[in-house]
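A.B. asks: Protein sequences, first through last, are from chains A and B.
Mapping to our numbering: the first sequence position 17 is 17, numbers consecutive.
For our numbering, add 113 to where a residue sits in the second sequence, where the first one is 1.
Think of the hints as simulated: they come from the structure by calculation, not from any bench.
Take the hints with a grain of salt, since some may be wrong.
[What the hints assert, rightly or not] List time: in silico BS3-like cross-link candidates among lysine-lysine, alpha-carbon distance up to 27 Å:
{"#": "1", "chain 1": "A", "residue 1": "K100", "chain 2": "B", "residue 2": "K133"}
{"#": "2", "chain 1": "B", "residue 1": "K154", "chain 2": "A", "residue 2": "K49"}
{"#": "3", "chain 1": "B", "residue 1": "K127", "chain 2": "A", "residue 2": "K100"}
{"#": "4", "chain 1": "B", "residue 1": "K133", "chain 2": "B", "residue 2": "K179"}
{"#": "5", "chain 1": "B", "residue 1": "K179", "chain 2": "B", "residue 2": "K127"}
{"#": "6", "chain 1": "B", "residue 1": "K177", "chain 2": "A", "residue 2": "K71"}
{"#": "7", "chain 1": "B", "residue 1": "K154", "chain 2": "A", "residue 2": "K100"}
{"#": "8", "chain 1": "A", "residue 1": "K61", "chain 2": "B", "residue 2": "K127"}
{"#": "9", "chain 1": "A", "residue 1": "K100", "chain 2": "B", "residue 2": "K168"}
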Amino acid sequence: AQSVSQHNHHVILSEAASLELGCNYSYGGTVNLFWYVQYPGQHLQLLLKYFSGDPLVKGIKGFEAEFIKSKFSFNLRKPSVQWSDTAEYFCAVNAGNNRKLIWGLGTSLAVNP
Amino acid sequence: GAVVSQHPSRVICKSGTSVKIECRSLDFQATTMFWYRQFPKQSLMLMATSNEGSKATYEQGVEKDKFLINHASLTLSTLTVTSAHPEDSSFYICSASQGRPGTTQYFGPGTRLLVL
């Protein structure tokens, strides 16, 4: 069965630290990949997505993610986090012709000022 | 663009009553809408997928007679929780997408349901 795993459940960083959140999926065919963010008390927002082309994708607020097909990974990165990046981050994969998204369990990021 | 709204944002009801939640795509036509349930500090659980004009496809373990979904137009889908019980208390979120499979889902702000 298709699945998405996010390696880090809780991450605590200080401001200006670099961030990398891992995401791996299990599916051998064509995939569309997403990172969504949920700030405290707010709804899910699309951070970035990969459909095709350049495997290094840049999103909003300085985030980027790299699709490495050989590793079935789509890790999220930000070189210098801010307190306002405190949120839940979800990786999601859409596989093949399926309309459904397969979700990771999420990573809770807390950035200390 | 790509704004999705939900109404109501919060609802409190008595056990045994039915509650309807609306999901609207405000600035695009949503051929597909999704209904999720989110438990505290957990990921989203997909309940069902609905395509405009056809019956919803429910995920395994989701009672279709309890969670009635209607997607009557390209901008509106409704979820009705029938004969709600306290265990149905949760955060219900809808999302909408347009076009072919794999396109981006845009999420509504969610509806907090509390059944007393």
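A.B. asks: Checking against the hints above, which ones are violated?
C.D. replies: 3, 6, 8
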